[in-house]
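S.K.: Residue numbers for the sequence shown, in the working numbering: 1 to 111.
Misleading hints may appear alongside valid ones.
What the hints assert, rightly or not - Here are the computed distance ranges between Cβ atoms for each label pair:
hint	residue 1	residue 2	range
1	Lys-27	Asp-50	30 to 38 Å
2	Phe-79	Pro-99	25 to 33 Å
3	Asp-78	Lys-24	32 to 40 Å
4	Arg-57	Gly-30	36 to 44 Å
5	Lys-96	Glu-73	29 to 37 Å
6	Lys-77	Asn-105	21 to 29 Å
7	Lys-77	Gly-26	16 to 24 Å
8	Ser-20	Phe-86	18 to 26 Å
9	Gly-26	Ala-74	42 to 50 Å
Said to hold, decoys possible - Keeping only pairs whose Cα atoms sit at most 27 Å apart, straight-line, the calculated BS3-like set for lysine-lysine is:
hint	residue 1	residue 2
10	Lys-77	Lys-18
11	Lys-77	Lys-27
12	Lys-63	Lys-18
13	Lys-18	Lys-100
14	Lys-96	Lys-27
15	Lys-24	Lys-96
16	Lys-63	Lys-96
What the hints contain is simulated information worked out from the structure, not anything from laboratory work. The C-beta atom is built at its ideal place from N, Cα and C for all residues, glycine as well.
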Amino acid sequence: MIEIEAVVEDDGTLRSCKASGHAKAGKNGGDIVCAAVSVLMRTAFITLSDRKGVTARYSAPEKGQMRLEAGYEAEGKDFLYAAGVFLINGLSSVAKEYPKNCSLNISSWRT
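Given the sequences, and given the hints that come with them, work out the whole structure.
M.R.: Have a look at this one:
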């Protein structure tokens with residue numbers, strides 16, 4: 001199972017998202033759940049990394065491990081919020097469609 005942990009501020013602004021594990025919903029290299037989670041996470045990073053006022057870090061230290069961390073200055077907050085909503089909605093959709101292979105937990109950001 002892929003376990004996803006998203007951390008958001010009280011208003012829903014994304015601060016981090018970590019995915020770990022393997023969905024085991026298909027053969028290696030052809031698992032639709034793994035592919036969906038991977039594409040959503042990488043696309044969010046690419047989108048955020050090019051935006052002024054947003055800082056984004058992404059790591060995938062080994063297979064089955066991905067982490068995205070984000071921060072912002074005032075001018076980037078709205079963009080980060082929108083990108084985070086898109087990412088969490090996408091991951092939520094995957095988790096709802098494949099509940100035996102993927103879970104999503106959303107927790108509050110603590111400073």
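S.K.: Does the Cβ pair Asp-78, Lys-24 satisfy 32 to 40 Å?
M.R.: holds, 38 Å
S.K.: Are the Cα atoms of Lys-96 and Lys-27 separated by 27 Å or less?
M.R.: holds, 21 Å
S.K.: Straight-line Cα separation of Lys-18 and Lys-100 no greater than 27 Å?
M.R.: holds, 18 Å
S.K.: Using the Cβ atoms, figure out if Phe-79 sits within 25 to 33 Å of Pro-99.
M.R.: At 31 Å between Cβs, range holds.
S.K.: For Lys-24 and Lys-96, compute the direct alpha-carbon distance and say whether it is at most 27 Å.
M.R.: Within the cut-off at roughly 16 Å; holds.
S.K.: Indicate whether the distance between the beta carbons of Lys-77 and Gly-26 respects the range 16 to 24 Å.
M.R.: Violated, at about 38 Å.
S.K.: So does Lys-96 sit 29 to 37 Å from Glu-73, Cβ to Cβ?
M.R.: holds, 34 Å
S.K.: Please check whether Ser-20 and Phe-86 have a Cβ separation lying inside 18 to 26 Å.
M.R.: holds, 21 Å
S.K.: Should the hint that Lys-27 and Asp-50 are 30 to 38 Å apart at their CB atoms be regarded as holding?
M.R.: holds, 34 Å
S.K.: The hint says 36 to 44 Å between Arg-57 and Gly-30; measuring C-beta to C-beta, is that right?
M.R.: About 29 Å separates the Cβ atoms of Arg-57 and Gly-30, which means 36 to 44 Å is violated.
S.K.: Just to be careful, I want the Cα atoms of Lys-63 and Lys-18 compared with a cutoff of 27 Å; is the pair within it?
M.R.: Measuring from Cα to Cα gives roughly 13 Å; hence the hint holds.
S.K.: Between Lys-63 and Lys-96, does the CA-CA distance stay at or below 27 Å?
M.R.: The given pair, whose Cα atoms are some 23 Å apart, holds under the 27 Å limit.
In terms of the numbered hints stated before, the structure departs from hints 4, 7 and 11, listed from lowest to highest.
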